[in-house]
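Chains as they are written, first to last, in the working numbering: chain P, 1 to 276; chain A, 1 to 276.
Since copy identity is lost for identical chains, a pair holds within one copy or between any two.
Below, simulated EDC-like cross-link-like pairs (lysine to aspartate or glutamate); rule was C-alpha separation at most 16 Å, straight line: (1) 74 to 18; (2) 2 to 53; (3) 54 to 7; (4) 70 to 49; (5) 54 to 31; (6) 194 to 107; (7) 70 to 52; (8) 4 to 42.
It should be emphasised that the hints constitute simulated quantities derived from the structure, not laboratory data.
Listed here are the chains, written in short residue letters.
Protein chains: 2
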Amino acid sequence: MKWKRSERLVDMTYYLLDHPQQLIPLTLFADMYQSAKSSISEDLTIVKETFEEKGIGLLMTVPGAAGGVKYIPKMRDDAIHKVVEDFMQELGHSDRLLPGGYLYMTDLLGNPQLMNRVGKVFASAFANTPIDVIMTVATKGIPIAHAIAKHLNVPVVVVRRDSKVTEGSTVSINYVSGSSRRIQTMVLSKRSMKSGQRVLITDDFMKVGGTMNGMKNLLEEFNCHLAGVAVLVEAIHADENLVDNYLSLVKLHEVNEKDRTIALTEGNYFSKGGNE
Amino acid sequence: MKWKRSERLVDMTYYLLDHPQQLIPLTLFADMYQSAKSSISEDLTIVKETFEEKGIGLLMTVPGAAGGVKYIPKMRDDAIHKVVEDFMQELGHSDRLLPGGYLYMTDLLGNPQLMNRVGKVFASAFANTPIDVIMTVATKGIPIAHAIAKHLNVPVVVVRRDSKVTEGSTVSINYVSGSSRRIQTMVLSKRSMKSGQRVLITDDFMKVGGTMNGMKNLLEEFNCHLAGVAVLVEAIHADENLVDNYLSLVKLHEVNEKDRTIALTEGNYFSKGGNE
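Using the sequences and the hints, build the whole thing.
Here is the structure:
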């Protein structure tokens, strides 16, 4: 069956969105649609222009025999600001206040559409950074890690507090939790990373950065390299941060339990040149 | 700016894929593309036919003033068999054997492309079942829960073993773990579900079903209803199952540590009429 251009455009859009950050040879499309490479090239120009016009992402074309086309999820700044604003609006509701000045945000981490958007925001920032693995810590970092991973097309590894029989041999480290100054343990399956891999670490919340720092130490045990740090909400505080280079989406300045107010601002995403 | 059909098709495909299980009024597209509703209808016919032809999913059109179009992720049987076969192939490698007859599958749960496919397989089975929430238990069920949730466009709630200050008030139950017959505890934030919601429960692995049964008891504490049970791998055993109605993707029959063999077959997905 020979495909019409209109059908090719629909299916090609689906295929590219489903295979982010992967080089797809033009011959694959030519075979799939029984069409000449020249027609496929014209199709891709239309897809590329529409993706750019609507801020869906970039299509990179690699010429030559080993070439092809690659879809790179990359949002525009205005769309990213919108995601951050919507998120702050949600997070700023006074009914999120918990005893002790904590904020309830489990529901936001359980919202797949929101997580998908947050994941694309961070994937946009790291679109041109070589990353092999995304590392997070159980439990609340997992949705964010997977959301970023889907757009960057790399695996997720989950650090645990305890060792489980289903993890096989593990590497374990002790670290000092930032705020409580307690010694804690982190465990990661030995099989989960190979020496030399470049690792993006992520979590939902960061105060002084003890957990992030623990993950940094852990990846060094695997002879891996830190490729970046992405955090959804960072709490502003008087102490020194244990982690220097990180991107945050939102800053939490103050929680006032008496007035029931929450002071939030945009994170350092833009000032750190997140979306380069 | 007036959009050409070819550009509309690309963007409309993106928009529909990004908003599964949501009714989108035709006027939204008509405004977005500055085009007549009749042109939008013709576009949607092309998208619909291509989605069906390639097994991407269904486009349901709801006529009338309050009508619109809804994308329903639904894979075809042949594509689902392929996902199950690929998964079994991966899972059957002898180097996954762990001491005690356990199987290492953490890397598969950390693979976002695989999880996305597994999520779509289960979302296909529950495409026409009313579901409000997906419930899973920390840690390993989370990627599957989110993958299904993304295609069904519903939130995820995560049951924990311990209570955390960031969860606010919680509901806690004791249950008997199926295989070890030990009493264990499950905790869920009170805010995470509302009375009357229909809940799909999911996990990566099920033996006699103690954890699943615990989640069933927990959702009853919230006056919620069980809408379905989805499990990635079920272990075949001699004891009686604690859960009756569930869908599984793969059955694990035997792990032979001496011969280093793993016996797997397709789960009950098809025999239970998963993809109706």
